[in-house]
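Undergrad: One line per chain: the protein sequences are A and B, in this order. By our numbering, the letter at position 97 of the first sequence is numbered 97, and the numbering carries on one by one without gaps. By our numbering, the letter at position 74 of the second sequence is numbered 74, and the numbering carries on one by one without gaps.
Since the hints were made in silico from the structure, they are not lab data. We put the CB at the ideal spot given by N, CA and C, even for glycine. Be careful, since some hints might not be right.
What the hints assert, rightly or not - Sample of chain A residues facing chain B (criterion: CB under 7 angstroms; computed from the structure):
hint, residue
1, S28
2, Y32
3, M34
4, K42
5, G43
6, P44
7, G94
8, K98
9, L99
10, G104
Claimed, not checked - The calculated lysine-lysine pairs, modelled on DSSO-like cross-linking and capped at a C-alpha distance of 27 angstroms, are:
hint, chain 1, residue 1, chain 2, residue 2
11, B, K41, B, K14
12, B, K66, B, K20
13, B, K20, A, K98
14, A, K103, B, K64
15, B, K41, A, K2
The chain contents come next:
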Amino acid sequence: QKEVEQDPGPLSVPEGAIVSLNCTYSNSAFQYFMWYRQYSRKGPELLMYTYSSGNKEDGRFTAQVDKSSKYISLFIRDSQPSDSATYLCAMTPGGSEKLVFGKGTKLTVNP
Amino acid sequence: GAVVSQHPSRVICKSGTSVKIECRSLDFQATTMFWYRQFPKQSLMLMATSNEGSKATYEQGVEKDKFLINHASLTLSTLTVTSAHPEDSSFYICSAPWATNYGYTFGSGTRLTVV
Numbered sequence: 001q002k003e004v005e006q007d008p009g010p011l012s013v014p015e016g017a018i019v020s021l022n023c024t025y026s027n028s029a030f031q032y033f034m035w036y037r038q039y040s041r042k043g044p045e046l047l048m049y050t051y052s053s054g055n056k057e058d059g060r061f062t063a064q065v066d067k068s069s070k071y072i073s074l075f076i077r078d079s080q081p082s083d084s085a086t087y088l089c090a091m092t093p094g095g096s097e098k099l100v101f102g103k104g105t106k107l108t109v110n111p
Numbered sequence: 001g002a003v004v005s006q007h008p009s010r011v012i013c014k015s016g017t018s019v020k021i022e023c024r025s026l027d028f029q030a031t032t033m034f035w036y037r038q039f040p041k042q043s044l045m046l047m048a049t050s051n052e053g054s055k056a057t058y059e060q061g062v063e064k065d066k067f068l069i070n071h072a073s074l075t076l077s078t079l080t081v082t083s084a085h086p087e088d089s090s091f092y093i094c095s096a097p098w099a100t101n102y103g104y105t106f107g108s109g110t111r112l113t114v115v
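If we strip away everything but chain A, and leave its shape as in the complex, we get (with noise of 0.2 angstroms):
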């Protein structure tokens, strides 16, 4: 069993949609987790951090963490074509320790 599982998708959604991208993981030394955007040949972008369980919002993003289930989630509302973009969860047991990240979901957001 891999650290980290993220469906790779492609996920494919009209503008105006909300998306729900999931990740879950199998070690409980993770305690920080992050939402990576990534557009084709770029490096990857910080979109959110969160280290508690529960909800975190930020604008259209919302990220929800449940250690309990070791499952991290990420919404966006009302997504708009510029969100196209490949999205990795990441996540780490702290203290600048290295990122474990998911394998990256594709979404495409049509007009």
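Once you have looked at the hints, place chain B on chain A.
TA: Just chain B now, kept in the frame of chain A:
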């Protein structure tokens, strides 16, 4: 803030030659640099971790003699792909933690094509 500048963004080289990729932290001191490799439609695979002033730590299966990492200063880490082969063609990305626990900033990546 917390910018990592990676160069070159794209390089084409002949088989058997060496290529150097540089990552510079512009506004913070990067004591640690992570080097990743990404194949098309795949996730980032950690190759090695470099710490300023010490030898890099390589992940299992990564040839340390082929992928030479130097981290001689707090603002510069380099990855040299030696005796490059076509199978080394990939997207290479560096990343440095700038804030404890969640602050990882990434370079813009280098697309290496070996012909």
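Undergrad: So, for every hint listed, does it hold in this structure?
TA: Structure-based check of all given hints:
1. About 16 angstroms separates the beta-carbon of S28/A from the nearest beta-carbon of chain B, more than 7 angstroms, and the hint is not met.
2. Taking 7 angstroms as the C-beta cut-off, the interface hint given for Y32/A holds, the closest approach to chain B being about 5 angstroms.
3. Interface restraint check for M34/A: the shortest CB-CB distance to chain B comes to about 6 angstroms, inside 7 angstroms, so the restraint holds.
4. The restraint placing K42/A at the interface with chain B holds, with a minimum CB-CB distance near 6 angstroms, inside the 7 angstroms limit.
5. Because the beta carbon of G43/A sits about 4 angstroms from the nearest beta carbon in chain B, less than 7 angstroms, this interface hint is met.
6. Below 7 angstroms, beta-carbon pairs count as interface contacts, and P44/A has one with chain B at about 5 angstroms; its hint therefore holds.
7. The beta carbon of G94/A is positioned within 7 angstroms of a beta carbon in chain B (closest approach about 5 angstroms), and the interface hint is therefore held.
8. For the restraint placing K98/A at the interface with chain B, the shortest Cβ-Cβ distance is roughly 6 angstroms, inside the 7 angstroms limit, so the hint holds.
9. Annotation: L99/A was flagged as interfacial toward chain B, and the flag holds, the nearest CB pair being 6 angstroms apart, inside 7 angstroms.
10. About 5 angstroms separates the beta-carbon of G104/A from the nearest beta-carbon of chain B, less than 7 angstroms, and the hint is met.
11. Straight-line distance between C-alpha atoms of K41/B and K14/B comes to about 24 angstroms, which keeps the hinted pair within the 27 angstroms bound.
12. Pair hint K66/B plus K20/B holds up; C-alpha atoms about 12 angstroms apart against a cutoff of 27 angstroms.
13. At roughly 23 angstroms between alpha-carbon atoms, K20/B and K98/A fall within 27 angstroms of each other, so this suggested pair holds.
14. This hinted pair checks out: K103/A and K64/B have alpha carbons roughly 25 angstroms apart, not beyond 27 angstroms.
15. Between K41/B and K2/A the CA atoms are separated by roughly 18 angstroms; this keeps the pair inside 27 angstroms, and the hint holds.
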